[in-house]
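Chains as they are written, first to last, in the working numbering: chain A, 45 to 315; chain B, 302 to 583.
In short, the hints are calculated from the structure, not lab data. Just so you know, these numbers come straight off a predicted model, no measurement behind them. Incorrect hints may have been included.
Claimed, not checked - Quick list of the computed label-pair ranges, beta carbon to beta carbon:
no.	chain 1	residue 1	chain 2	residue 2	range
1	B	Val-568	A	Leu-285	56 to 62 Å
2	A	Lys-202	B	Ser-399	44 to 50 Å
3	B	Leu-321	A	Gly-178	57 to 63 Å
4	A	Pro-122	B	Gly-376	54 to 60 Å
5	B	Asn-465	A	Glu-193	29 to 35 Å
Claimed, not checked - Simulated pairs of lysine-lysine, DSS-like, Cα-Cα distance not exceeding 25 Å:
no.	chain 1	residue 1	chain 2	residue 2
6	A	Lys-313	A	Lys-287
7	A	Lys-157	B	Lys-491
8	A	Lys-207	B	Lys-491
9	A	Lys-202	A	Lys-157
10	B	Lys-491	B	Lys-461
11	A	Lys-175	B	Lys-491
12	A	Lys-157	A	Lys-258
13	A	Lys-72	A	Lys-157
14	B	Lys-461	A	Lys-157
Claimed, not checked - Partner residues are not named here, just some residues of chain A that face chain B (Cβ under 8 Å, in silico):
no.	residue
15	Asn-115
16	Leu-120
17	Gly-141
18	Val-142
19	Val-145
20	Arg-149
21	Phe-161
22	Ala-172
23	Ala-225
24	Ser-240
Ideal placement from N, C-alpha and C gives every residue a C-beta, glycine not left out.
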Amino acid sequence: MMLEELRSVSDVTPQMRESTEKYKIETKNLNAWFDNNHVLKDISMMIRENVITAIIGPSGCGKSTLIRCFNRMHGLVPGARVSGEVLLDGSNIYDRGVDPVLVRRRVGMVFQKPNPFPTMSVFDNVAAGLKLGGNHGYRLDEVVRRSLEQAGLWDEVKTDLNKSGASLSGGQQQRLCIARALAVEPEVILMDEPCSALDPIATAKIEQLMIALKERYTVIIVTHNMQQAARVSDFTAFMYLGKLIEYGETIQLFRNPKEELTERYITGKFG
Amino acid sequence: MTSYAIRRLKDRLAFSLCLLCVAIAIVPLGSILLEVTGNGISALSVEFLTHPPGAVGQGGGGVANAIQGTLILIGLTCLIGVPLGVMSGIFLAEFGDSEFGAAIRFLNEVLMQFPSIVVGIFVYLLVVLALGSFSAIAGAVALSIIMMPIVARTTEESLKLVPNSIREAAMALGVRRWRTTMSVVLSTAKSGIVTGIMLSIARISGETAPLIMTILGSQWFFAGFKQPMDALPLRVWRLALLPYDYAHQQGWGAALVLILLVLVLNVIVRLATRRRYRSRAR
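With the rest of the complex left out, here is chain B (with noise of 0.2 Å):
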């Protein structure tokens, strides 16, 4: 054989494993979302949607109350944690390059690393005992926590995407740092950024562990910011523990309804913040 033959065997090779590798990581993913819309798909109706839990072991109600609560969780989590995200981001990318930076940063790839269980913990804590009451704001307390090092995270990587000469080109205008950041950088960096609140937002609704010791779940439509709350990971989690072949159909469902939601949701985001220019590629 030529050295050139051998070689395009070897590019063959090298290629069609990499293609296996594709195959068997989509294994997974495809497969969950068949199973989840194959046995959930059947649960959705309108009274599924629009109605809270019915009692236990009678079947019939739905999710709605944890929809909503979901929601609620979302947007109170976003308050809290996409502008202490976004702010850090800016610290790390603009601001971090020293040691107090670096230290910085370390800390957030812990967080970022941290079980969500003891996050729960700690806001039960911190919160839930101060409160003298379960939760929303204990739930959103804990998943902003989780959200925040993402986000500061992505925040950070996209602002180091955008090219010194924007910056050089703000800057010998007249323009002062701090509104070189804010109009120009970040609104530049602004996809990139909208991408990692999004990656944030599908990470924190399927956490189930620290709303377990935050918003507790509950039966009802939401009451209050101080009282418990229900959330869809949490309905899917007690669903899946009750010994009935309805409550399991139901949480199929509800597991279905989230992934939609996140879906959903990210869809939206992304028509709202759509660029107004396409940059040329240069």
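Extracted from the complex, chain A is given alone in its bound form (with noise of 0.2 Å):
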């Protein structure tokens, strides 16, 4: 850990020192590929700690591919490719030698659909990431408990932790797979549109959770909902056609956006 620590640091020039204090990850002249569909083109961007920074755009804009990226699940799908470097807390996820299961263990992620394993029973959900991750000499138990608080569930559930996690509504579901991926610790939480298959007042607990979240853990939300994006994010990036066409927080973008494109998805003229 120390030698990491080390090495990251060293690898970088002194000004950009200051920053890898405040920011949580930064992407270089990020490009990613879909056999020969260049879905990234020339992402760099710096995303902070402890806040929740939303990914905005029309469909088909690689922002979901870009989060992907954040976790090295991009290169699972037979003919991906990324080039550049995504540095966490200062070191690149892409070096050889990264073992990406690893990263994925700093690095959590919800999807779009809530996906909880349906053989499993919700407190075996939970405790999923820790049993099959190998890490053993935890007290369950506790991480399940605490896991499912954090998520806003535990209340809803307590009493029926043996059953199907399958069986629980889909905000439910949402949450129970929101507690899965904080029950490994992770440092980021990647959610890929995580809102999209709920009703609204599922939605509404969800960004209330991811609110909360934030305080312990980076969070970056892919959205095509651009309400919810001024809702709950501190810093919005807006992509087009797989470039990052304006990035800031997320007041100034809304309501004064530097790009034209800009102004005119979110007024929704296109998109």
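Assembly of the complex is requested from the two constituent chains, each provided in isolation within its own frame, with the hints serving as guidance.
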């Protein structure tokens, strides 16, 4: 651990050292492809720690691909390629010799459709990351309870932890998936349109939850719901056709967009 | 006639045609079951189920040694065929997205349609001649060659039905690929895999031709893995060849026992591997 820290510090130039204290993830000239389809073009952005960063843009603009590059899920699809760097706490997760599995334990993910493990109970779903990750010596009871509490689901499921995870409602399932991601104690949580399959009430719960989570985690959310981005996020990035068009504080971006494209998108002129 | 009436007529016609085809397809199944039950039920008795065959021509005795032999064969064959088949299926489903995978899939398909008598001859040359005698082991090897491609195929199909989102969920938690496959994907696909194994057991417990060349048949109970052994389909065949009425009667009885055995095995396995949770349709 010490060695890694030392190396990551020596890798960065003096003026950047200050920024790595505040920034959790930094991408440098990040490009991504599906076979010959160039889906991310030269993305360079710095994402702050303990804030919510929203990534918006029309369908197919590469926003999901971008966050899937943050935990190396992009490389799982056959034909997928990445070039450039993604620095997590200053060290490149695409360096040779970096184990993607260990990256994913630090950078958790919640998906668009709730996807609890259908054959596991509520308890086992939450404990899955620890049990299957080969980590032993955890007090699973405590971890499960703490994670479910953090996900705001404990009170609703505490009496039926042995029920199937798939028997919960859609909104509960999504919070179960969040609890499952929290149980492995990641540092960053990626959310890929986590509310698009949910009704407004469940959506509101997840949004409250996100705001509570940023105290302890760095949250990055992909959404095509601009109101949602405006409601919950501190920073917003607007992407179009694989390029990062504009990135800044959410209030700024929505009130005074610098780019004409951003303005046309947020005012609903296209998208 | 209005066009709606014509369409309704066509619909009725197509529906009746389908129903007719189903009825025709079910006739052989029903009549076989009826015939076997009708002829075999009178042969069933405590003696029939607990004794080996009596002296030829004398009558009496039973098929207990054949029941025992079939159970041993099924057990041994599963021991070889299930792990090999399931593992091949995992390979094809999770890693078979290449030319090599396609070649394996094709060979598997060919193996599945192999005449079982050829498998028998192959195992005769490979195992029986090498060991110097007909044996239970040779029978199990032959049957597992028949079982393996069926299990591999159904395992592959059921693993492919597991939604990719389940794999991604596990991978995103930092679970390693092999662990994801073994603990999450396999358990999600369990019922499909079990169905495949049961189908293959039903198929191999009825195989006769490869057994003639491998376990030979026997009048006595199991005497060792390297010794000849009896099995129900072999017994049915031998009894049917005998020129005695009592033997034909016993042959029907043995056939009925074979059908019931597969049925009972099926029910037991189903109960034992029943899903803990019924997943909600979404």
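Identify every previously stated hint that the structure contradicts and give their numbers, smallest first.
4, 13, 17, 18, 24
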